[in-house]
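Student: Since the structure of chain A is already known, use the hints to place chain B on it.
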Amino acid sequence: DSGVTQTPKHLITATGQRVTLRCSPRSGDLSVYWYQQSLDQGLQFLIHYYNGEERAKGNILERFSAQQFPDLHSELNLSSLELGDSALYFCASSVVRTGSTEAFFGQGTRLTVV
Amino acid sequence: DQQVKQNSPSLSVQEGRISILNCDYTNSMFDYFLWYKKYPAEGPTFLISISSIKDKNEDGRFTVFLNKSAKHLSLHIVPSQPGDSAVYFCAASAANQAGTALIFGKGTTLSVSS
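Each protein sequence line maps, in turn, to chains A and B. Residue 14 in the numbering used here is what sits at position 14 of the first sequence, and the numbering runs on without skipping anything. With the second sequence counted from 1, adding 114 to any position gets you the numbering used here.
FYI, nobody ran anything at the bench for these hints, they're computed from the structure. No experiment lies behind these values; they were computed from the predicted model shown. Among these hints, one or two may not hold up.
[Stated by the list, open to error] Computed from the model, here is a short list of chain B residues facing chain A with C-beta under 10 angstroms: (1) Lys152; (2) Glu156; (3) Ser163; (4) Gly174; (5) Gly197; (6) Thr214; (7) Ala215.
Every residue, glycine too, gets a C-beta built ideally from N, C-alpha and C.
Pulled out of the complex, with its shape left as it was, chain A reads as follows (with noise of 0.2 angstroms):
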């Protein structure tokens, strides 16, 4: 177990929708990141919170959005979903503002849009 947590576990979703995925970090860990895992696609960084505050962003979707709250834990707005959204999300967190540490995962959330 990682600590950190992810809900929900699976997602099913239409067309159109907008949905919210939900990442709790590990106690302790101010950083948050979203990664997004598609078929034959390795992890790719959506965006990257520190305290609440944007940090940086990655290949993130103008109609994709996220936020850090004051208890530390993120959440990830995806909208207008189409097919190609289907994909494995994770949430990681670490201590630090930087990279030079490593990043622990949650699970994931796997999403199907149909």
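Tutor: For chain B alone, coordinates are given in the frame of chain A:
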């Protein structure tokens, strides 16, 4: 463009032999490198890391080698065990730079047969 490349999608090795997984990177700002292991239906788990000030780091059966001039790193597993069968991801970051994140390759699926 892919900053971290794992050019071998798969590798098959017999139990007891050495497994060598390779990774190349293009961004000269990367100075911290990690390997993660991922089983199906689980999140990636941290395996071993290396800073650019070193050229080798060892942890039990796992050794990571870094060749900065070639922008290449490799993970050696000796001896390989059936339980090592998993997807291995190489990751890199520009450590100590605020707003950075771990950038992952597409992964190599290792199969260890008994």
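Student: Hint by hint, say whether it matches the structure.
Tutor: Right, here's what the structure says about each hint:
1. Lys152: Holds. Min distance 9 angstroms.
2. Glu156: At 6 angstroms from the nearest chain A Cβ, Glu156(B) passes the 10 angstroms test, so the hint holds.
3. Ser163: holds (6 angstroms)
4. Gly174: violated (16 angstroms)
5. Gly197: violated (18 angstroms)
6. Thr214: holds (4 angstroms)
7. Ala215: holds (5 angstroms)
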